[in-house]
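**Q** The chain contents come next:
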Amino acid sequence: MPIIKLAKPTRLRPLPAAAVPVQKTDVRLGQIIRVLTDHAMVAVSGTKIGDEIGTSRSEVWRLIQQLRTLGVAIDGHPATGYQLRTVPDLLLADVLAPAVKGTLFQQIQHYYKIGSTNIAAMEAAAGGAPQGSVFVAEEQTAGRGRGANRWHSARSAGIYCSVVLRPNLPPSDALILSLAAGLAVQAAVRAIDSRVHPDLKWPNDVLLDDKKFCGILTEMNAEATRVRHVVVGIGINVNQQKFPEDLREVATSLRIESGKEWSRVELLGALLKSLDREYRDLLEKPNARESILRRFAEHSSYARGKNVHVEENGGFEGVTEGLDARGFLRVRTAHGLRTVLSGTVRAK
Amino acid sequence: MNQKEIKELIRFLKEEGITEFELERGDVKIHVKWGGDSAAPPTHETRYYAVHGAPPVAPELGAVPVVPPPAPAPPAPPKEEPPEDLHIVRSPIVGTFYESPSPGSPPFVKVGDMIAAGQVLCIVEAMKLMNEIEADVAGELVKSLVTNGQPIEYGQELFAIRVRK
Numbered sequence: 001m002p003i004i005k006l007a008k009p010t011r012l013r014p015l016p017a018a019a020v021p022v023q024k025t026d027v028r029l030g031q032i033i034r035v036l037t038d039h040a041m042v043a044v045s046g047t048k049i050g051d052e053i054g055t056s057r058s059e060v061w062r063l064i065q066q067l068r069t070l071g072v073a074i075d076g077h078p079a080t081g082y083q084l085r086t087v088p089d090l091l092l093a094d095v096l097a098p099a100v101k102g103t104l105f106q107q108i109q110h111y112y113k114i115g116s117t118n119i120a121a122m123e124a125a126a127g128g129a130p131q132g133s134v135f136v137a138e139e140q141t142a143g144r145g146r147g148a149n150r151w152h153s154a155r156s157a158g159i160y161c162s163v164v165l166r167p168n169l170p171p172s173d174a175l176i177l178s179l180a181a182g183l184a185v186q187a188a189v190r191a192i193d194s195r196v197h198p199d200l201k202w203p204n205d206v207l208l209d210d211k212k213f214c215g216i217l218t219e220m221n222a223e224a225t226r227v228r229h230v231v232v233g234i235g236i237n238v239n240q241q242k243f244p245e246d247l248r249e250v251a252t253s254l255r256i257e258s259g260k261e262w263s264r265v266e267l268l269g270a271l272l273k274s275l276d277r278e279y280r281d282l283l284e285k286p287n288a289r290e291s292i293l294r295r296f297a298e299h300s301s302y303a304r305g306k307n308v309h310v311e312e313n314g315g316f317e318g319v320t321e322g323l324d325a326r327g328f329l330r331v332r333t334a335h336g337l338r339t340v341l342s343g344t345v346r347a348k
Numbered sequence: 001m002n003q004k005e006i007k008e009l010i011r012f013l014k015e016e017g018i019t020e021f022e023l024e025r026g027d028v029k030i031h032v033k034w035g036g037d038s039a040a041p042p043t044h045e046t047r048y049y050a051v052h053g054a055p056p057v058a059p060e061l062g063a064v065p066v067v068p069p070p071a072p073a074p075p076a077p078p079k080e081e082p083p084e085d086l087h088i089v090r091s092p093i094v095g096t097f098y099e100s101p102s103p104g105s106p107p108f109v110k111v112g113d114m115i116a117a118g119q120v121l122c123i124v125e126a127m128k129l130m131n132e133i134e135a136d137v138a139g140e141l142v143k144s145l146v147t148n149g150q151p152i153e154y155g156q157e158l159f160a161i162r163v164r165k
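Quick mapping for you: the protein sequence lines, in order, are chains V and G. Going by the working numbering, the first sequence opens with residue 1, and the numbers climb by one from there. Going by the working numbering, the second sequence opens with residue 1, and the numbers climb by one from there.
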């Protein structure tokens with residue numbers, strides 16, 4: 001897998017590095033945006049905002065300044081009150097809340113900048129973070145892929161998100177979450193724009209025009225018979241307008257492929273909803289595994305009849321021949337049928 | 001032949017007290033042998049022997065643990081009854097064994113290390129799902145039973161730990 005370097009953010013103004021807090025986002029920033037969104041037609045006084053979020057007028061002014069340096073368009077000043085010019089496309093808990101109502105995902109932790117959302121989520125999960133915790137960042141400085149691959153994640157151009165799940169399943173039954181996560185991304189993209197038809201590459205890369213715009217890395221901590229926690233990390237290239245020369249052949253974004261800018265808030269909302277549906281089905285419906293395997297076969301051009309090269313055990317080539325009951329990819333080679341457990345699959 | 005059929009077959013063999021059995025059908029070959037000299041079959045687990053001198057292709061992994069055609073099979077790793085205090089760590093999933101968090105980085109553990117309970121020993125990957133395998137006991141890591149990048153079966157022995165008393 002190549003190192004994915006993403007282009008500069010398009011939606012928000014580039015910031016001086018010092019303006020980006022490395023720690024958790026102050027939840028009051030999201031609360032201010034929620035108050036301003038609730039009163040979108042009028043200017044809201046600093047005193048009123050302060051009352052609603054439980055802070056002083058001068059603190060509100062300081063937080064408004066901070067939001068402005070983060071690229072949020074807010075009109076007004078302390079004497080006139082404040083008004084949002086546009087609802088910002090920031091993945092703050094308060095902004096996402098309406099979209100994820102009724103799902104598992106009620107604890108969203110936002111970071112303007114973080115090393116890796118997967119590392120944060122794995123650490124939090126080990127420390128007892130509840131199922132449904134979401135870790136989302138505007139920017140990752142050490143976004144991870146498979147093995148030593150990195151997913152460098154430019155500020156506010158993509159979605160970099162990890163969720164904590166605690167399925168009551170034996171570890172071998174939880175593997176299929178890996179396929180379900182790719183299906184959830186595909187469904188979310190189609191829910192937002194039905195003209196876009198992403199392909200799935202086993203196990204869960206999501207492609208447009210045979211180029212990758214979404215990668216998923218799942219990490220599990222389990223006892224012999226019981227999963228303790230699973231973290232599903234999802235990186236989506238959303239509004240990047242171009243990629244460095246060496247990556248143009250393999251990487252793309254939703255914006256490049258559709259020709260329009262996407263709302264990350266809307267897309268992440270749709271993604272968390274479809275992930276919630278897949279996960280609940282897996283735990284509750286007796287035929288969920290068959291459904292996942294069947295839908296993968298329907299929605300992936302890689303599932304069957306594709307000439308592929310597999311980077312596993314020194315590499316081999318063949319034609320894909322569907323998934324086995326566990327979700328592993330079968331490849332017909334000159335030496336017989338082989339089953340891919342974990343190797344990277346590429347079209348030939 | 002699906003997993004259910006194979007389970008039924010194994011149940012049948014157990015009931016009949018058959019201690020060794022081999023079947024070849026299409027490209028699936030099954031070799032079942034109950035461990036030890038005792039005639040009583042084990043209650044739960046079947047041993048699958050890897051084969052020395054197998055062709056350089058990876059063993060095919062079908063719906064259940066299946067091994068390439070077993071020649072007169074010397075079991076590998078050689079079957080050795082571990083002393084009482086050796087604790088065996090097994091893989092809870094099928095996948096690929098990685099000794100380190102990423103290629104080129106130092107292994108999580110090596111033989112001779114003192115291991116704490118809960119310490120990560122390795123990763124087994126399947127379908128881009130990285131499964132951290134932890135030690136469930138504290139003690140000295142005395143044996144590493146698999147090699148980096150090797151395909152691993154469900155329940156396969158990974159490490160032996162001499163339990164700290």
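Accuracy of the hints is not assured; some may be wrong.
Facing chain V, a subset of chain G residues (Cβ under 8 Å, in silico) [to be verified]:
(1) 88
(2) 90
(3) 95
(4) 130
(5) 135
(6) 138
(7) 139
(8) 148
(9) 162
In short, the hints are calculated from the structure, not lab data. Think of the CB as a built atom: it goes at the ideal place given N, C-alpha and C, for glycine as much as any other residue.
**Q** All hints, please: hold or fail.
**A** Quick rundown of the hints versus the structure:
no.	hint	verdict
1	88	violated (11 Å)
2	90	holds (7 Å)
3	95	holds (5 Å)
4	130	holds (5 Å)
5	135	violated (11 Å)
6	138	violated (16 Å)
7	139	violated (17 Å)
8	148	violated (12 Å)
9	162	violated (19 Å)
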